[in-house]
Structure formats: structure tokens, C-alpha cells
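Colleague: Construct all of the structure, not just a fragment, from the sequences and the given hints.
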Amino acid sequence: MTWKFLFCGVALLLFQLVLGQNDSMVQLNEVVVSDAKLQKFSNAQQIRVLNDSVLQKNRGSFTNLLLFNSPIYFKENGAGMVSSPSFRGTTAQQTAVIWNGININSQLNGQTDFNTINAADFNSIGIRSGGGSVLYGSGAVGGSIHLTNLLAFNAKTKHQLRANYGSFNSLGLNYGLEGGSEKWAYQASSSRNSSDNDYEYIGRKQKNENGNFYNQSLNFSSGYKINENNFLKFYSHWFDSERYFSGTITVLSKNKYQDFNSRNMLEWVNFNNRLTTKVKLAYLTESYRYFENKDADFYTFGKVKTFLGRYETSYKITEKKEILAVFEVSRNDGEGSDILPKKRTIGSGSIIWKHQLTDKFDYELGVRNEISDRYESPLLFSAGTRLNVTDFYTIKLNASKNYRIPTYNDLYWQGSGNPDLKPEHAIQAEIGQEFNYQNTKLSFIGFYSKLRDMLRWIPNSSGLWQPQNTDKVTIYGLEAVLENKLNFGNHHFALNASYAYTISKRDDLEKQLIYVPIHKANGSVSYSYQKLTAYFQTLLNGEVFTSSDNFYRLDSYNYSNIGADYDFGKTTTYRLGFQVLNLENTNYQNVASRPMPGRHFQVYLTLNL
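To convert a position in the sequence shown, counted from 1, into the working numbering, add 6.
Honestly, the hints are just simulated from the structure, not real lab data. Among these hints, one or two may not hold up.
Taking lysine-lysine and the DSS-like style, the derived pairs with C-alpha atoms no more than 30 Å apart in a straight line are [to be verified]:
| no. | residue 1 | residue 2 |
| --- | --- | --- |
| 1 | K231 | K300 |
| 2 | K326 | K284 |
| 3 | K189 | K46 |
| 4 | K300 | K284 |
| 5 | K366 | K326 |
| 6 | K511 | K478 |
| 7 | K447 | K327 |
| 8 | K189 | K164 |
| 9 | K211 | K164 |
| 10 | K260 | K211 |
| 11 | K511 | K428 |
| 12 | K284 | K231 |
So the derived label-pair ranges between C-beta atoms look like this [stated by the list, open to error]:
| no. | residue 1 | residue 2 | range |
| --- | --- | --- | --- |
| 13 | T163 | P425 | 38 to 44 Å |
| 14 | G315 | N445 | 43 to 49 Å |
| 15 | Y580 | V531 | 23 to 29 Å |
| 16 | P465 | R559 | 20 to 26 Å |
The structure displayed is predicted, hence computed values, not measured ones. All C-beta atoms, glycine included, are put in the ideal place defined by N, C-alpha and C.
Modeller: Encoded structure:
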């Protein structure tokens, strides 16, 4: 029935194409993006795109970038180790990471390790709060993170080289290139990061042992303008890393972990009057090797190859009405030392309607259904509206049903996998209010979500640990975001702050979920005068529980970073700067028994040519 509904929607769309008038050709902007859905069909939700100045101040780990510039909480198994997010009280598997419009969460464990992403490889990073499964598929329950490579035609060629060196023999190198002509656009980057990561534990005569790591990435994007109506784009990203997993305060580790990921996508875009068509073909790989003993040759492994095809067509019926249809098929081929070799095919169809009723009021409606040869997927929907009451005040409403599919580990782990699992799904609603006055923007978002069929690994009747659809979870809370800019002649100030209040409880225990802080706040202030820039960042993280009965907990903590840099030169600029991280030398943990670094330092040099 659902598929009939979707195909009827497409038939309706095609019928409108036939009757639609041939208006003048749509002229393209200089910058062509692959994920236009993020802005065009998310008017009813909170979106923040991190600008160049924010990215320049946070060229360290991707985790730290989001810690200080979003309401998302992260737990790290020590600095540089596995980093897992909690977005609006959900789990790491319920936060989707979107690369140039496609979901790249791991097929093996369902999440993205945020310490396997180099932020310098992307020139646009977006944060979309709230459910987005109709647009972005599995995992977009709490929110989604968008990694985008913008391609600009008729752009001047630019080179950037950045090097940073800091405490614990930490070294980072990044080279970036971008530019374009009338026919071509290109963007490329290469990054390398490494660290001994042997920081001392504050108040203890111990060091972080076996924590050294390196990672390297290669990124390339290009676009070719066939004619005024047709574009070809190609995106490629390669990531390789090796980490020696550090132990805890009481238990030493000799573990080593290697992972290699690749993503390649070819996209064709056609603009034809009011109709825009996109076809995407992608090939993604992920693989890992885990060494229990770094000195031994024995390891366990897992790998998945994914083939993806997507067809998108949007039609602008009038200046105020637009419809989008998306059809996607993906094929996963996975195996491992502990995973049964399996293939699975997933097909999905979505239809989204957008209508601007008046200059001040618009709404969006969406529906998505998925068919898999391995599990039954629920019908998903989304509905949102935005009302610009005045130039000063805007109100937004949104509701949606979202989901997360079982992973390869859940379904096919040898001896423990459960092939009868159902997808998790959640009903969520939110209301947002925005206040805009000159250079100041203040937002308040209240949200509520009911999650059921949550997957947990628990002992079965035979005592064997196995994933089961067991938990029901209720989540509610409030987010507040402030952005402000002030200019006095050559003196420029910028203030950004956010606060999140989050209650996330299992219905059977009435206890807060582990590693979900009730309170999290961050803020930053920057000052620039001519070629000098200085900034201050601070983070306050409330206590988190580490046991399901809420008996064990980690204390709240607060720490800050400061930095400054100066830009030398005119045409060719040399930006020299420094950072002091964890200024107060705070002793804190965000995973039990795994202390994080105390005060440490970094100097950096950026060359723009």
C-alpha cells in the first residue's frame, strides 16, 4: 500500500511536469552543492552551518570542533580514541553523518567514530538538529552532521598549507587546493595527524600509555559543466589510521586498531526549466583490523562494501510550490572474522512537498518507505511549518517518525547475532522560536521524542549476550543558541553560545540513560583588529551516569581554551598562532577511568597563496 502511495505521488509529479509551463531557464549559482536538500527542505528545523572563522579556530579534532560549537555531547575513550556522540539524548548510532548528501554511518556498528574525520577536508560543515530519516535514512534520529565539499566555478585558484605542532609530540599537516574555470571546478586536500599522546594523568603518577596514533586522508572533488543544463561531479575521500588503544587507570592495554575507509561518488545534475534531476552512483568501503596484542600477528577483522544508486527529481510547480521525489537502492556486502558473510539489499522511496502559502508562512510534508530482504521497515513521515510572525520573530513546528536499522554486528555476529531484529523507531516533535535583531540571533527549541524497539545487547535465556529489541525511551528537553556580532570601526567582536537541557529515560527504570548529561553548555567570544585575532572558548558539561541504575556517575566539569593569531603579508598571507587547551588544567573524564589531558599547547602556521 505504501509503495502504491509513493508511485502515485511520482505519477502526480510527472503529470504536473507535462502541464507545467516552460519558464525561463533556471540560472545556476557560482557554487554548486550536492546536498541541496539540507537548506531547501529543512525550513522547520534548526540548522547551523559552521563558517570559515569557526573552522579556522578549531583545526584540531573533529570532536573538539563540535564540542564547542554544538549541543552534542561526546564520550571519548581517552584523547584521540573512539569518539561517540549523543545528540538530543540519543545514542551514537542515532546520529547520522552525511557526506555530500549520502549517509556514511558504518554498516558494521551503525555509527561514525568522530575521531576518524579530519574537519580540514571539508569547506562546509552543517549541524541539523532533530529527526531527518525521511531525507537521510537510517540513524537520523537525534540529528545529523553534514560534511560537504563545495565546488565553485569561475573561482580563483587558492592554495592553503597549515602545520601545527603541540604537546605530546602532536603534529598536524594539511594542504588544500580549490579553484575553477568556466567549465571546471575542483577542490582537493590532504591531511596527516599524529601524536605520542602520552599525557600525564592529573593528580596521579601515571601517563596515558599505549595511546599513540596517526591518521591520514586524501580528498578530491571536481565538477564539469557540460552545458548550461548539465553538470557532472565526482567526489572521492580516502582515510587510513592506526591507533594504539590506551587502557584505563587500573588496566593497561596492548591493543592496536587499524581502519581504512574509502568513498567515491559520481553525480549527474540536469536543470530543465522548473525540473531538476540528480543521479548519484556511489561505492563505499570500510574495513578494520583489531589486534588484542600489538606485538602479535593475530588480529580480527571486518569489512563491508556498499554500492549505492540514487535518483532525485524536484519540480517547482510554481514559485511557491515544489515537490521532491527520491528513490535509492543500496547493496551491502559484508564479512569478518566474527561476522557471517552476508549480503543485503535495501530500497527506499521518499516524496517531499514544500509550499509557501504566504510571504510569511510555509510548510513541508514528507513520507518515506523502505524495503529490505532482511527486516521489515516502518513507514516514515515528517511534517513541519515555519511562520515569520514579524521580521524579529519566527516560530517553527516539526514532527516526524524516524528509524535506525540493525547493523551487521547486530544481525550476523557469529554465535550471537539476531536475524529477527526490527529497526528502532521514534516519534518526535519540536517547537522552535527565533529572535533576530540586527546582528543578533537567539533561538529556543523544545523537543520531545518516544523511542521504541531500542536495540540492546543483553543475556538471553541461555546466558548468551545477544541483541534484542527491548527498551522504550522517553526523551525531552530544551536547546538555546545565541549568535551575535558587533563592529566598532576596525574592532570586530563575535559571540556564540549554546545550552542543552536533556532528559533521556528508559520507561521501565525511570532512570537517565548512561552518558547523557542533563546539562551541557558552551560559549566562545572572539575579537579581531585588522590582522590580529584572539578568542576564548569554554565548555560546561554536567554529570553523567555510567550505570543503568544511576548509582555510578562522573562529575561535571568545566574547561576552556584560548588562542590568538596574526596575519602577515598582503597577497600571500602567513597566519601564525597559538592555542592553550584546557586552560584551567581541569581533571576530567567523559568515560569512566579514562582521564583526558590537562593543560596543553599548540602552535600553528597557515599559508594562504
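Colleague: For K189 and K164, compute the direct alpha-carbon distance and say whether it is at most 30 Å.
Modeller: holds (17 Å)
Colleague: Tell me if the straight-line CA distance from K189 to K46 falls inside 30 Å.
Modeller: Holds - the C-alpha atoms of K46 and K189 are around 26 Å apart, at most 30 Å.
Colleague: Please work out if K260 and K211 have their alpha carbons no farther apart than 30 Å.
Modeller: holds (20 Å)
Colleague: Tell me if the straight-line CA distance from K300 to K284 falls inside 30 Å.
Modeller: violated (46 Å)
Colleague: Going straight from one Cα to the other, do K284 and K231 come out at no more than 30 Å?
Modeller: Answer holds: K284 to K231 is near 14 Å, not above 30 Å.
Colleague: Quickly compare the C-alpha distance for K511 and K478 to 30 Å and report which way the hint goes.
Modeller: The hint holds at about 9 Å.
Colleague: Is it true that Y580 and V531 lie within 23 to 29 Å of each other by Cβ?
Modeller: holds (25 Å)
Colleague: Hey, K447 versus K327, does the alpha-carbon distance stay inside 30 Å?
Modeller: holds (28 Å)
Colleague: Could you grab the alpha-carbon distance between K326 and K284 and see if it respects the 30 Å cut-off?
Modeller: holds (21 Å)
Colleague: Is it true that the C-beta distance of G315 to N445 lies inside 43 to 49 Å, as the hint says?
Modeller: holds (44 Å)
Colleague: Return holds or violated for the Cβ distance of T163 and P425 against the range 38 to 44 Å.
Modeller: Violated, at about 53 Å.
Colleague: Holds or violated: K366 with K326, Cα cutoff 30 Å?
Modeller: Roughly 12 Å separates the two Cα atoms, so the pair holds.
Hint violations for this structure: numbers 1, 4, 9, 13, all remaining hints satisfied.
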